[in-house]
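K.L.:
Chain by chain, the residues run as shown.
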Amino acid sequence: MEEPHNAEFLRIENLVKTFGSNTVVKGANLAVERGEFVTLLGPSGCGKTTILRMIAGFERPTSGNILVEGKDITPLAPNQRKVGMVFQAYALFPNMNVEDNVAFGLKIAGMPAEQRRARVDEMLKLIGLTGFGKRFPFEMSGGQQQRVALARALAPKPRMLLLDEPLSALDAKIRVSLRQEIRSIQRDLGITTIFVTHDQEEALSISDRIVVMSAGNIEQFGTPFEVYNRPSTKFVATFVGTLNTLNGKIVNAAERSVSVEGQVFKVANLPGGATDNASLSLTMRPEAVSLGAPNGQDVVLSGKVKEVSFLGSVIRLRVDLGDNSVSLDTFNDTSTPPPALDEKVTVSLYSSDIMILPN
Amino acid sequence: MNPSLIAIWQKGFFRAATAGVVYVVADLVVRLLESNLDEIVDALVATLHDLLVVVAIAVVVTVFSPVIARVWAATATFRAAVVKVGAKVPWPWVAFAIGAIYFFLPLAATFEFSLRIQRTGYSFLAYTNVLQSPAFQQTFTYSILVGIAAIVVGLLIVVPAAYFVRLRAPQLRPIIEFVTLLPLIIPPIILVFGYIRLYSSSSILPLTNSDVGTNILLTLAYVALAMPYMYRAVDTGLRTIDVQTLTEAANILGANTATILIRVIFPNIIVAVLSGAFLTLAIVIGEFTVASLLNRPAFGVYMQNVGANRAFEPAALAVISFIITWAAMGMIQLLARFAPKTAARTD
Amino acid sequence: MSNSTDTLVANTAAPASAGVASSSGGPLHAFAGVRWGDYLGVAPFLIFAILFLIVPTAFLVVGAFIGRDGSFTFQNIIDLGTPQIVSSFWISIRVSAASAVVGAAIGLIVALAVIRGRLPEVVRSTVLTFSGVASNFAGIPLAFAFISTLGRLGLVTVVLKAAFGFDMYRAGFNILSFWGLTLTYCYFQIPLMILIIAPAIDGLKKEWSEAAATLGATPSQFWRYVGLPVLWPNLLGTLSLLFANAFGAIATAYALTGSSLNIVPILLYAQIRGDVLNNPGLGAALALGMIVITALANIVYLVIRARAERWLK
Numbered sequence: 002m003e004e005p006h007n008a009e010f011l012r013i014e015n016l017v018k019t020f021g022s023n024t025v026v027k028g029a030n031l032a033v034e035r036g037e038f039v040t041l042l043g044p045s046g047c048g049k050t051t052i053l054r055m056i057a058g059f060e061r062p063t064s065g066n067i068l069v070e071g072k073d074i075t076p077l078a079p080n081q082r083k084v085g086m087v088f089q090a091y092a093l094f095p096n097m098n099v100e101d102n103v104a105f106g107l108k109i110a111g112m113p114a115e116q117r118r119a120r121v122d123e124m125l126k127l128i129g130l131t132g133f134g135k136r137f138p139f140e141m142s143g144g145q146q147q148r149v150a151l152a153r154a155l156a157p158k159p160r161m162l163l164l165d166e167p168l169s170a171l172d173a174k175i176r177v178s179l180r181q182e183i184r185s186i187q188r189d190l191g192i193t194t195i196f197v198t199h200d201q202e203e204a205l206s207i208s209d210r211i212v213v214m215s216a217g218n219i220e221q222f223g224t225p226f227e228v229y230n231r232p233s234t235k236f237v238a239t240f241v242g243t244l245n246t247l248n249g250k251i252v253n254a255a256e257r258s259v260s261v262e263g264q265v266f267k268v269a270n271l272p273g274g275a276t277d278n279a280s281l282s283l284t285m286r287p288e289a290v291s292l293g294a295p296n297g298q299d300v301v302l303s304g305k306v307k308e309v310s311f312l313g314s315v316i317r318l319r320v321d322l323g324d325n326s327v328s329l330d331t332f333n334d335t336s337t338p339p340p341a342l343d344e345k346v347t348v349s350l351y352s353s354d355i356m357i358l359p360n
Numbered sequence: 030m031n032p033s034l035i036a037i038w039q040k041g042f043f044r045a046a047t048a049g050v051v052y053v054v055a056d057l058v059v060r061l062l063e064s065n066l067d068e069i070v071d072a073l074v075a076t077l078h079d080l081l082v083v084v085a086i087a088v089v090v091t092v093f094s095p096v097i098a099r100v101w102a103a104t105a106t107f108r109a110a111v112v113k114v115g116a117k118v119p120w121p122w123v124a125f126a127i128g129a130i131y132f133f134l135p136l137a138a139t140f141e142f143s144l145r146i147q148r149t150g151y152s153f154l155a156y157t158n159v160l161q162s163p164a165f166q167q168t169f170t171y172s173i174l175v176g177i178a179a180i181v182v183g184l185l186i187v188v189p190a191a192y193f194v195r196l197r198a199p200q201l202r203p204i205i206e207f208v209t210l211l212p213l214i215i216p217p218i219i220l221v222f223g224y225i226r227l228y229s230s231s232s233i234l235p236l237t238n239s240d241v242g243t244n245i246l247l248t249l250a251y252v253a254l255a256m257p258y259m260y261r262a263v264d265t266g267l268r269t270i271d272v273q274t275l276t277e278a279a280n281i282l283g284a285n286t287a288t289i290l291i292r293v294i295f296p297n298i299i300v301a302v303l304s305g306a307f308l309t310l311a312i313v314i315g316e317f318t319v320a321s322l323l324n325r326p327a328f329g330v331y332m333q334n335v336g337a338n339r340a341f342e343p344a345a346l347a348v349i350s351f352i353i354t355w356a357a358m359g360m361i362q363l364l365a366r367f368a369p370k371t372a373a374r375t376d
Numbered sequence: 052m053s054n055s056t057d058t059l060v061a062n063t064a065a066p067a068s069a070g071v072a073s074s075s076g077g078p079l080h081a082f083a084g085v086r087w088g089d090y091l092g093v094a095p096f097l098i099f100a101i102l103f104l105i106v107p108t109a110f111l112v113v114g115a116f117i118g119r120d121g122s123f124t125f126q127n128i129i130d131l132g133t134p135q136i137v138s139s140f141w142i143s144i145r146v147s148a149a150s151a152v153v154g155a156a157i158g159l160i161v162a163l164a165v166i167r168g169r170l171p172e173v174v175r176s177t178v179l180t181f182s183g184v185a186s187n188f189a190g191i192p193l194a195f196a197f198i199s200t201l202g203r204l205g206l207v208t209v210v211l212k213a214a215f216g217f218d219m220y221r222a223g224f225n226i227l228s229f230w231g232l233t234l235t236y237c238y239f240q241i242p243l244m245i246l247i248i249a250p251a252i253d254g255l256k257k258e259w260s261e262a263a264a265t266l267g268a269t270p271s272q273f274w275r276y277v278g279l280p281v282l283w284p285n286l287l288g289t290l291s292l293l294f295a296n297a298f299g300a301i302a303t304a305y306a307l308t309g310s311s312l313n314i315v316p317i318l319l320y321a322q323i324r325g326d327v328l329n330n331p332g333l334g335a336a337l338a339l340g341m342i343v344i345t346a347l348a349n350i351v352y353l354v355i356r357a358r359a360e361r362w363l364k
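Protein chains in written order, with this note's numbering: chain L, 2 to 360; chain B, 30 to 376; chain V, 52 to 364.
Please note that the accuracy of each hint is not assured.
Straight-line distance between alpha carbons at most 20 Å, and here's what the computed DMTMM-like set of lysine to aspartate or glutamate pairs gives [unchecked claim]: (1) V:212 to B:79; (2) L:108 to V:261; (3) V:256 to L:60.
In case anyone wonders, no lab produced these hints; they're calculated from the structure.
With the rest of the complex left out, here is chain L (with noise of 0.2 Å):
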């Protein structure tokens, strides 16, 4: 029997966790599909690692309900609950080989030696590290740590995976080539996943779909496209990728018209209950500006260049526009030397392309 495409594997009922006088989850609703890579992005103390804790079992959730394909685990033991977990400190048994770790769970369920024995073989071919078996943790480098830590969650064929930062204590290219084989582990075993990180990039580049968290509260739920151009709150615009602000006033408030800096044209939208000669914040990504004149753009500004940062193959602008600055990258071009300082320059970009954003 197939199982149906996009069923519904892991679903989270008005979750709330309460230290003392502290509420760390204040009501989190979130369904997720099986097979599906999902990311809990935010800065410290939103919440994520707590509601990835809540999944695992090792926090109560003080009210809500946590149901995996329909049945509510809320009140099963962490031990219980079949779910491989990766921690960020790798978490290897320090007194075990690399063998004996992976063999770990297999060896609890009761599984006969010679069995094990090749799961481990097959768990050691998935993460590269064939050969490794007898090694002991400290002998071995972080990033080879994680793998083995990885190994050993998914070897007793859990129905879930999840990761508590795993990245964060490793360098930064490890970091990279890492998160990579992880995803495409994944996708190779078709299991559900949720990733908890604070590195907006890492959330980006491997999750199917993200959860932005801040204080608590879940502000978005979509996929890396939504959540980067279609950010449903100023905060998810800030923390996912560069934001430029600019300040202006709102001119009709029925024909949707502000200016900024001088310069007056139409946007999409405008929040409810807003009036003539209130003052409005445009907000818009970096990509949106072109420098130059416009081709076809319908928003014109002129400046001065404040800074100038050449990156090799991107050149990053700051540009003062008088009460305003906005930041915009531009690509190297062999033939041309990047603008100077205090050089006056256009800058133009779509009115489509700004976001008004509620806080």
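Add chains B and V to chain L, keeping to what the hints say.
P.N.:
Same frame as chain L, now just chains B and V:
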């Protein structure tokens, strides 16, 4: 033959054998611990006797293991209920409570005993007897003075050493650390025995000949006993205040080493120094072995004397001694709150 | 004192390059690049150590090999084989082993309960502070305390008789005995165990038990496969330390059982006081025997601790 039956017998035998071996080994160990040398053979014989009994029981258990297995399975629900009740018992609290009783009871009992000096009712007569006796006052004063002397001498040798090792000669650290281990490895009785032999009337430094000399020897013995703790306290204090930077700063401003040590370093490690001092005092006050073998009128010797001759005063002395030790340790805890805290401190 | 101060001044004022450096190799390698003035600071410490720690002990060790007539001999060592002395060593070993094992077991249970039993933080810090004090509360006052508790007129004895009609002493218990002394020794052995094993238990990372739980293990399975195996070296090492600690103790035994329990330190004490063995060399041999045993036990502890630390990096 039913294969599962064989498996049950195998399992039963294995379990009975393991239990039997564990029991016999424990039995042997306990018997050996309890017997004098001449009783060892009897102990071995008794263990052998137990071994035979254990083997007989193991054989019976193995033979009947299918029956036992069936009975065990039948009691499954009962056992689950027991486990459930057992899980509700707060075992950590129980362990803590038992430990607390073991440690608190002797203190309470000693205090109670010390009050019983008059046949009927409680009174502090034992305490007044003790506190007013000239022997108490003299030996207590003597021990305090020796303690202070030991603290001063200890500081004079430890502080410069810790300072220089940390600052200029880190390669000497292994040697120094080894030396600080020695007083913990060499029992005090051996140390004082060595002193008596080495510094007796026929040696180069005939310290035992005179009272003054013997007092010096006693002080130095206490310096040795307290040295590991004194060094660790001072070393930790130096590490906390980042001696290197302080010294360089003072140097640039023109100070020489002695000035640095006395006016910059020492005031900043006062807390660590006081900790070491109180620890030394605690060690010196109750010490018996060294003082007794050197025939010095110390507090520990006085206590032993009272213990041999009187019934209730020793309990009063124990209480007093305990209060002093607690006071000294309490001071150290208090001082820890006032210790300088820097970002470099690693607990 | 001004001379040495001037030397120190000269050395600190001079540029850092000045130094008595031996270029390479040889036993002086450890001292390469160190100015001689630095040694003045460490000198009093080392002189003290040599004169009042190393030489007295060495003197005794050598003295063990000197016979009554002053010549070198092994006779003293051989004389350690007399029944009285061997029996004395055996009693010491028994008491030390018993108090070490009991102290280690109870100390481990209490430490586990306090650190991993999810008790309030204040309980943990109280227990550790108390252990710091109690591990020093050995000697004469401790003996008095236990006599007041479990002696013939002790509080517990009296209460048991009055409230439950149970006469401990008639049932065979006696505080002035082997097990009585062991019980008394536990009063400083248990706190010492708690103090030393606490950092090792702290080192059992929470993530390990959480990881084990996600892999399906019950708490007892965690302890069986991960917790106890990781702690095991520390336990053995500390057991050795407790053994050495008890072996060298004398004051408590002296005040409690006197010479009725003839442990080695008490025998040595009698020998120092009055040469009861009629042989000064034999006393030194006794001391040598004690040093060898305590040194070995301490070395075992230090070696095991060093190896265990490598594991838990």
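K.L.:
Return the numbers of the hints above that this structure violates; sort them in rising order.
P.N.:
1
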